[in-house]
Structure formats: structure tokens, C-alpha cells
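Novice: One letter stands for each residue in the lines below.
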Amino acid sequence: MEIVLILLIGILYASGIFMLLRRSMVKLLIGLTLLGNGANLLIFLLGRITKGKPPVIDSAAKLFTDVYADPVPQALILTAIVISFGLQAFAIVLLKRVYVLVNSDDLDDLNTPEEEDI
Amino acid sequence: MTDNTLIFPVIVQLFTAITALFFWRRTVSQRIISIVGSLLTMAVSAHLFVKVWTGGIRTLQAAGWEAPFGISFVADVFSCSMVVLTSFSGLAVSVFSATGIARARMLYGYFPILHFLLMGLNGAFLTGDIFNLYVWFEVIIIASFVLMTLGGRKAQIEGSVKYMAMNILASAFFLTGIGILYGITGTLNMADLSLKVAALENRNLVDITAVFFVIGFGIKSAVFPLYFWLPSSYHTPPSAVAAVFGGLLTKVGIYALFRVFTLIFIPDTFLATLLIALAILTILTGTFGAVIKNNIRRMLSYLIVCHIGFMIGGLGMYSEIALMGALFYLFHDILVKTNGFLIAGLIRKLRGTMNMEKSGGLYSDYPLLSLLMALVLFSLVGIPPLSGFWPKIHLFRAGFEDGHYLLIGAIVIGSFATLYVIAKLWAQVFWKNPPTGENGEQVADEFRPLHPFRKTLLVAPVAFLAAITLYVGLGAETVALVVQHIVREMKDPTPYINAVLSLNVTP
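Protein chains in written order, with the numbering used here: chain A, 1 to 118; chain B, 119 to 625.
Don't take each hint at face value.
When the alpha-carbon atoms are kept at most 30 Å apart in a straight line, the in silico DSS-like pairs for lysine-lysine are as follows [unchecked claim]:
1. B:Lys272 to A:Lys96
2. B:Lys280 to B:Lys467
3. B:Lys411 to B:Lys550
4. B:Lys280 to A:Lys27
5. B:Lys280 to A:Lys96
6. B:Lys272 to A:Lys27
7. A:Lys53 to B:Lys314
8. A:Lys51 to B:Lys550
9. B:Lys467 to B:Lys550
Just a few of them, taken from the derived set where beta-carbon distance is under 8 Å, the chain A residues facing chain B [unchecked claim]:
10. Leu28
11. Gly47
12. Ile49
13. Gly86
14. Leu87
15. Arg97
Hints listed in this document are in silico derivations from the structure and should not be mistaken for laboratory results.
Please read all numbers here as calculations on a predicted model, not as lab measurements.
Idealized CB from N, CA, C, for every residue including glycine.
Use the sequences and the hints to build the structure in full.
Specialist: Below, the structure is given as C-alpha cells:
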């Protein structure tokens with residue numbers, strides 16, 4: 001199981017960074033999303049994957065004696081997913097707005113000289 | 119010592135934002151709420167500072183979960199000073215916004231978002247949990263995205279794309295770092311991490327993890343080579359917004375670097391060399407950028423990059439004097455950069471432009487205002503006895519003691535370039551006669567016809583921050599005492615760890 005996740009995380013990071021380096025804005029967005037997902041999986045993997053074990057301790061016992069599942073990474077990932085969802089939603093709206101204003105998907109076209117207002 | 123009131127700076131900002139939301143279309147009420155909220159935050163922050171200064175570190179364990187398991191909030195002198203400085207800047211910006219922000223922007227929730235941003239900053243300074251720090255960072259960046267895009271002009275939206283992309287990337291790196299750190303230590307509490315990371319044997323793994331934090335925080339605080347989003351976005355939003363960004367947003371990255379690299383990863387030779395090399399390159403690139411810019415705010419943006427290098431350099435040298443210099447510079451920089459952008463906004467009102475070449479004659483038209491601005495600009499340069507001078511003395515001394523001559527050279531170049539660009543600004547905007555336009559008209563002065571009350575609202579925040587800067591310069595001994603206390607806490611984090619984990623061990 002770990003080896004699959006390791007490969008998957010590697011692919012997500014690599015393709016995320018590759019997409020970030022492209023000039024298209026849509027690819028920039030996809031790159032950021034892939035990178036975020038890679039980070040989430042990484043936390044999942046590094047939180048030690050345990051199968052079929054409870055995360056809670058028996059009420060009679062005072063110490064963990066058995067292998068247990070760590071609930072913290074899942075809480076972290078859940079938080080990170082919600083946050084990245086919000087950020088990505090904002091990014092999509094922003095890029096749509098840029099597309100309407102600039103009428104181009106190319107990041108190199110974002111060079112309007114200083115406007116004098118404000 | 120447990121103290122639930124330490125969360126008040128966050129709570130007051132939160133309630134200010136929520137109250138302002140209820141007055142969505144009533145912009146006058148929003149302005150009053152914003153100023154009152156900022157004043158209240160200043161009061162509770164100052165109270166917290168006094169308590170921590172006299173009574174030692176305060177902690178709050180969220181929902182009563184004991185330290186390494188729950189989320190801890192910690193107020194030591196460092197975080198309290200940052201909260202106090204943030205409240206000063208916040209107050210100045212809310213007063214300035216009352217006149218400096220167009221009503222159209224206020225109708226789209228400018229004030230609530232501004233206070234959510236300030237809430238995020240206070241939260242980031244007070245938290246004692248690394249993942250919670252990440253969450254506060256996200257609160258800050260989502261609020262700053264909205265502030266940056268509010269208004270939707272083309273240049274603004276284009277700047278926001280660069281800002282948004284780099285900040286989300288920084289968050290991804292930060293999250294990766296947290297993931298690896300949790301994997302190798304199994305904890306997220308910063309005090310607990312301090313103990314666990316120190317006990318790790320595989321130092322190379324620790325260094326690699328540290329590099330993720332350097333990249334993540336480095337992007338946020340605009341360190342070379344990932345600084346370019348800053349000068350290409352900070353000149354686009356309104357000046358009041360640029361003042362919060364320039365004064366506080368990059369500094370929260372610096373705060374996080376100082377916190378992480380004095381508590382969790384103590385710089386070894388590799389990290390120290392890395393930080394010093396980054397500092398030198400940051401100073402130089404910022405310098406070269408600032409020298410060629412003619413727009414006041416673009417120039418200030420590059421100066422931010424340049425001066426970030428001073429602080430990173432101080433952290434990299436890691437001696438007591440170097441840390442003192444870097445922290446002193448941080449405090450001075452928050453005040454003076456916020457004020458610098460407010461002044462840029464004021465110059466825009468007075469002269470109708472931020473382009474130095476098209477401007478002029480400010481000194482002959484407004485001698486008193488010019489004097490006030492001169493005070494701030496000279497503090498920025500660091501002319502003794504003003505505030506920028508003292509931290510540089512410390513940095514130079516630290517550099518000579520430990521033989522970091524390249525860094526000293528870079529700081530000298532950075533200081534001279536700052537002097538040069540400020541002198542250029544002074545000569546162009548204040549002394550030169552304004553150029554005559556095609557129709558014989560001179561500058562467009564939007565300030566003179568304003569109502570005296572509105573004039574006061576624009577000038578008072580500049581004067582307020584200038585007075586504090588003056589105090590930091592002339593009362594440097596008091597500030598040095600605070601800074602020295604913080605450095606002692608950084609060099610020996612045992613009291614911090616004991617306070618958070620409720621231990622009573624002596625080293």
C-alpha cells in the first residue's frame with residue numbers, strides 16, 4: 001500500500017510543478033490543485049497507515065497496548081481539503097475574470113502598465 | 119500561566135468584522151465601527167503586553183485539551199509585541215481608509231474583510247501550534263485576496279493572479295513541511311516539537327524539512343528568488359490596502375521564520391549559510407529594483423524586499439546581537455513601511471500621481487506636511503537618531519564579530535541604495551517644480567478642496583505612526599530592552615516550553 005502512495009505522491013508533485021511552469025492560466029490552476037492533493041496524501045502517508053485498528057482507547061484501559069490508528073492526520077487533511085477548496089474556488093473566479101478582462105489565457109499577457117487611479 | 123484573555127485581540131477583531139457585516143450598505147457606520155474596533159484591539163493588545171511583560175508567558179489550551187494534544191495559544195513577549203504593533207498599524211489603516219477608500223469599495227465589504235485580515239494576523243502571532251499557524255495563514259491570504267481584487271481594475275486583477283498563485287504555492291510547501299514534520303515527530307505543538315526535533319538523530323532529514331519551511335515562509339515574506347510577486351502586485355490595490363500588505367503581510371512570514379528557526383530548527387552550519395546567502399541576494403535584488411523605479415509604490419515594494427534581507431541576514435547570523443538587530447529592524451519596519459504606503463497614498467491625493475517625474479513642488483505647497491513625511495522617510499533610511507539607525511548598528515556589530523563580511527557589504531549597499539532612492543523621491547516630489555502639462559495645468563491637487571475633517575482623517579494616521587516611529591528612534595533604549603528580552607527567550611526556549619507543556623523542569 002505504501003509504495004503505491006509514494007509513487008502517487010511523487011507523480012502528483014511532479015506533474016503539479018510541471019503544470020505550474022506552463023504559461024496557460026488553466027494549467028496553473030490544475031498545477032496548484034495537484035500540488036495540494038499531493039501534500040494531503042503525503043500527510044496521510046506520513047501519519048502511519050494502520051488498517052482495521054481503532055483510534056480510541058478502551059475506557060477501562062489506561063494506556064495503548066495495541067497498534068492504533070492515528071486520527072490526527074485525517075483531521076489535518078480534512079482541514080486542508082476544505083481550505084484548498086475555498087482557495088481554488090476563489091482562484092477559478094479570479095482567472096475567469098482575468099480571461100474576461102485580458103481575453104487571453106497566456107500568463108505573459110498580464111503586463112498592463114500602471115494605471116493611474118485609486 | 120493559563121489566561122483566557124490572551125485571545126482577546128483575535129476575538130475583538132472578529133466581532134468588529136461581524137458587526138461591520140450587519141451594516142453592509144451603511145458605510146458611515148462601518149467606518150465608525152472599524153475605528154472603534156481598532157481602538158479596542160489596541161487597548162486589549164497593550165493590556166496583554168503589559169501582563170506578559172510583568173507576569174511572564176501566558177498560555178491558553180483550547181477547549182481544555184492539555185498541551186501536546188490540543189491547540190495551544192501562547193503569548194510571549196515576541197508575539198505580544200507583534201500584536202501590539204499590528205494594532206498600531208491596524209488603527210492607522212482604518213482611520214486612513216475612512217477617507218482614502220472609495221465608497222464603492224466599502225459597499226463590497228471592505229471593512230469586514232480588513233478586520234478578518236487583522237484577526238488572522240493576531241491569530242498567527244498568538245498560536246503555539248504549527249498546523250494552527252497554517253490555518254491562520256490561510257485566513258490571512260484569503261482575506262488578502264479579496265482586499266487585493268476588490269474594485270476589479272485590470273492592473274489590480276493581473277497583480278492578484280501572481281499574488282494568488284505564489285501564495286497558494288507557498289501554502290502547499292508549508293503544508294508539505296508540516297506533513298513531514300508530523301511524520302518524523304508525531305506532534306504539532308511547537309513547544310513539543312522543539313523537544314522532539316532536538317532529540318532526532320537523523321539531522322539531514324531535519325535539514326530537508328527545514329528547507330520546506332524556508333521555501334514556504336520565504337515566498338510569503340518575499341525572499342530571493344521567489345520575491346517577484348511582491349513588486350508586481352503591491353502597487354495595484356488602494357494605498358490603505360497596500361499599507362496593510364506592505365507593513366504586515368510580509369512581516370508575518372518573517373515572524374514565522376523567526377519562531378520556527380529559533381524554537382524548532384536551530385540553525386546549524388547548513389541552514390545558517392543558506393539563510394545568509396538568501397539574505398545577501400534578497401538585499402541586492404531589492405536594491406537594484408528600487409533604484410530604477412519611478413513610481414513611488416513600486417519603489418517602496420522593492421524596498422520591502424531589500425529590507426526583508428536585513429532581517430533574514432540577522433536570523434542567519436544567529437548571534438545574540440544579530441537577532442537583536444533583526445528584531446529591532448522588524449519592529450521599525452512594520453511601522454515605517456505601513457506609514458510609507460500611507461504617505462504614498464497621501465502624495466497621490468496631494469499631487470494627483472504617484473509617478474515621481476510627473477510630481478513636484480510639494481515642499482513649497484505644504485511645508486508642514488513635508489516635514490512630517492521627511493521624518494518618516496529619514497527613519498526609513500536610518501539617519502541617526504531615528505529608528506532605522508539602531509538595528510543597523512547591531513547588525514554591523516554582529517557581522518564584524520562573526521566575520522560575515524559579504525553580508526555586511528550587502529547591508530551597506532542596501533542602506534546606500536535606500537538613501538539614494540529616498541533622496542531621489544525627496545528631490546523629485548518635494549523640491550522640484552512640478553512639470554507643466556500640455557494645457558499649462560500643473561498638478562491635480564485633490565487634497566485642498568477636501569473638508570478639514572477629511573483632511574485630518576488622512577493626515578492623523580501618518581502623524582500617529584510617525585510619532586511611534588519617533589519614539590522607537592529616540593527611546594531606543596526601551597525598545598532595546600524589549601528586544602533583548604525576546605532574544606533571551608529565543609536563545610533559551612525552556613521557559614516557553616515549560617509554560618506550554620506545564621512542566622517544571624529546569625535545564
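Novice: Has the given pair, Lys280 of chain B with Lys96 of chain A, been kept, meaning a C-alpha gap of at most 30 Å?
Specialist: holds (14 Å)
Novice: Going straight from one Cα to the other, do Lys411 of chain B and Lys550 of chain B come out at no more than 30 Å?
Specialist: holds (18 Å)
Novice: With a cut-off of 30 Å on the C-alpha distance, tell me whether Lys272 of chain B and Lys27 of chain A pass.
Specialist: Judged against 30 Å, a Cα distance of about 21 Å means the pair holds.
Novice: Taking the closest Cβ pair, is Gly47 of chain A under 8 Å from chain B?
Specialist: Holds: closest Cβ of chain B sits about 7 Å from Gly47 of chain A, inside 8 Å.
Novice: Are the Cα positions of Lys51 of chain A and Lys550 of chain B separated by 30 Å at most?
Specialist: violated (75 Å)
Novice: Is the hint on Leu28 of chain A kept, meaning its closest Cβ partner in chain B is under 8 Å away?
Specialist: This hint holds: Leu28 of chain A lies near chain B, its Cβ roughly 6 Å from the closest one there, short of 8 Å.
Novice: Holds or violated: is there a CB of chain B closer than 8 Å to the CB of Arg97 of chain A?
Specialist: holds (6 Å)
Novice: For the hint on Gly86 of chain A, does the least C-beta distance to chain B fall short of 8 Å?
Specialist: OK, holds: Gly86 of chain A within 8 Å of chain B, min 6 Å.
Novice: Are Lys467 of chain B and Lys550 of chain B close enough, with their CA atoms no more than 30 Å apart?
Specialist: holds (18 Å)
Novice: Can you confirm whether the C-alpha distance between Lys53 of chain A and Lys314 of chain B stays at or below 30 Å?
Specialist: holds (26 Å)
Novice: Compare the distance between the alpha carbons of Lys280 of chain B and Lys27 of chain A with 30 Å, and conclude whether the hinted pair is satisfied.
Specialist: Between Lys280 of chain B and Lys27 of chain A the Cα gap is close to 14 Å, so the pair holds against 30 Å.
Novice: Hey, Lys272 of chain B versus Lys96 of chain A, does the alpha-carbon distance stay inside 30 Å?
Specialist: Given pair Lys272 of chain B, Lys96 of chain A holds - Cα atoms ~13 Å apart, limit 30 Å.
The structure shown violates the earlier hints numbered 8, 12.
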